[in-house]
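Visitor: Under this note's numbering, read the sequence shown as residues 1 to 276, first letter to last.
It should be emphasised that the hints constitute simulated quantities derived from the structure, not laboratory data.
Any given hint might turn out to be false.
[To be verified] If you anchor each label on the Cβ, the simulated ranges turn out as follows:
(1) A179 with A93: 54 to 62 Å
(2) G102 with L266: 48 to 56 Å
(3) R121 with A11: 29 to 37 Å
(4) P104 with S222: 40 to 48 Å
(5) V23 with D132: 42 to 50 Å
(6) R270 with T80: 18 to 26 Å
The model shown is predicted, which means the values in this text are computed figures rather than measured ones.
Just so it is clear, CB atoms sit at the ideal spot from N, CA and C, and this is done for glycine as well.
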Amino acid sequence: MLGLAPFAIYALVFLAWPLADVVVGAFESGNPGGGLTLANLHAAFSGVYRQGFVTSIELAAITAVVPGVVGLLVAYAVETSPHGSLRRVVTTASGVFANFGGVPLAFLFIASIGSTGMVTRWLAAIGLDPYDHGFTLYSFTGVAIVYLYFQIPLMVLVVTPALQALRPQWREASESLGAGSWAYWRRVGAPILAPSVLGAMLLLFGFGLSAYATAEALTSGSIALTSIQIGSFLNGNVIAGQANVGKALGLGMVLVASLSMVVYVLLQRRVSKWSQ
Numbered sequence: 001m002l003g004l005a006p007f008a009i010y011a012l013v014f015l016a017w018p019l020a021d022v023v024v025g026a027f028e029s030g031n032p033g034g035g036l037t038l039a040n041l042h043a044a045f046s047g048v049y050r051q052g053f054v055t056s057i058e059l060a061a062i063t064a065v066v067p068g069v070v071g072l073l074v075a076y077a078v079e080t081s082p083h084g085s086l087r088r089v090v091t092t093a094s095g096v097f098a099n100f101g102g103v104p105l106a107f108l109f110i111a112s113i114g115s116t117g118m119v120t121r122w123l124a125a126i127g128l129d130p131y132d133h134g135f136t137l138y139s140f141t142g143v144a145i146v147y148l149y150f151q152i153p154l155m156v157l158v159v160t161p162a163l164q165a166l167r168p169q170w171r172e173a174s175e176s177l178g179a180g181s182w183a184y185w186r187r188v189g190a191p192i193l194a195p196s197v198l199g200a201m202l203l204l205f206g207f208g209l210s211a212y213a214t215a216e217a218l219t220s221g222s223i224a225l226t227s228i229q230i231g232s233f234l235n236g237n238v239i240a241g242q243a244n245v246g247k248a249l250g251l252g253m254v255l256v257a258s259l260s261m262v263v264y265v266l267l268q269r270r271v272s273k274w275s276q
């Protein structure tokens with residue numbers, strides 16, 4: 001218990017205390033005199049703020065499913081490769097790319113495929129300017145593409161242990177019973193991997209839902225995302241009497257993230273049964 005004390009204090013000060021402040025503040029009136037109210041929650045789940053939740057969840061879902069599928073294929077290709085050096089290179093690169101984000105990542109994409117980016121000018125020179133066909137980096141689609149940069153490597157890192165846990169004896173037993181490759185994956189491999197893959201996608205969903213700096217640097221708040229709206233409240237851009245609406249938005253994000261974590265824990269319990 002003494003060894004856990006530093007972590008417990010850290011979690012209490014930087015997680016439990018701020019969370020309690022958000023929960024309490026979400027029900028406090030921002031007007032003089034205080035008092036409890038549901039007006040903050042009503043405002044947080046209506047109008048542009050409700051659209052922020054919808055857009056954030058859509059963005060998080062897209063940037064969880066697409067990188068989840070692509071990352072799974074990449075991880076499987078690497079794990080089944082006979083070249084150990086390829087595995088080390090991909091793992092190292094994934095660790096670097098998965099932790100690269102924020103304003104530097106936004107600048108990288110703006111310099112590459114922005115309206116005056118290097119790649120954009122090259123494509124325009126051969127008559128394939130994507131901005132002439134409705135594409136823009138500073139839109140929902142553009143933000144989703146940028147998120148793939150760190151979501152795919154993250155999926156590779158998270159799902160690789162699950163692929164490594166597939167025991168060769170299971171495939172040998174299937175083949176000895178006459179099962180082909182398709183039958184093995186349909187009846188053995190896929191059911192065992194499914195909880196781990198879905199759990200990894202939920203992790204990506206959480207990352208996509210809470211990411212802030214990259215989307216803010218790309219769009220300057222032109223897209224209704226809850227994380228950017230909360231940032232606006234933290235910066236003091238509030239209407240009189242609505243100072244605690246930002247905390248209500250934060251409470252909404254906590255509820256969505258908590259639901260994802262509950263499903264993630266249930267999936268991990270199922271994985272643990274297979275791994276015993």
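Visitor: State for each hint whether it applies.
Guide: We went through each hint and held it up to the structure:
no.	hint	result
1	A179 with A93: 54 to 62 Å	violated, 35 Å
2	G102 with L266: 48 to 56 Å	violated, 32 Å
3	R121 with A11: 29 to 37 Å	violated, 49 Å
4	P104 with S222: 40 to 48 Å	violated, 21 Å
5	V23 with D132: 42 to 50 Å	holds, 49 Å
6	R270 with T80: 18 to 26 Å	holds, 24 Å
In terms of the numbered hints stated before, the structure departs from hints 1, 2, 3 and 4, listed from lowest to highest.
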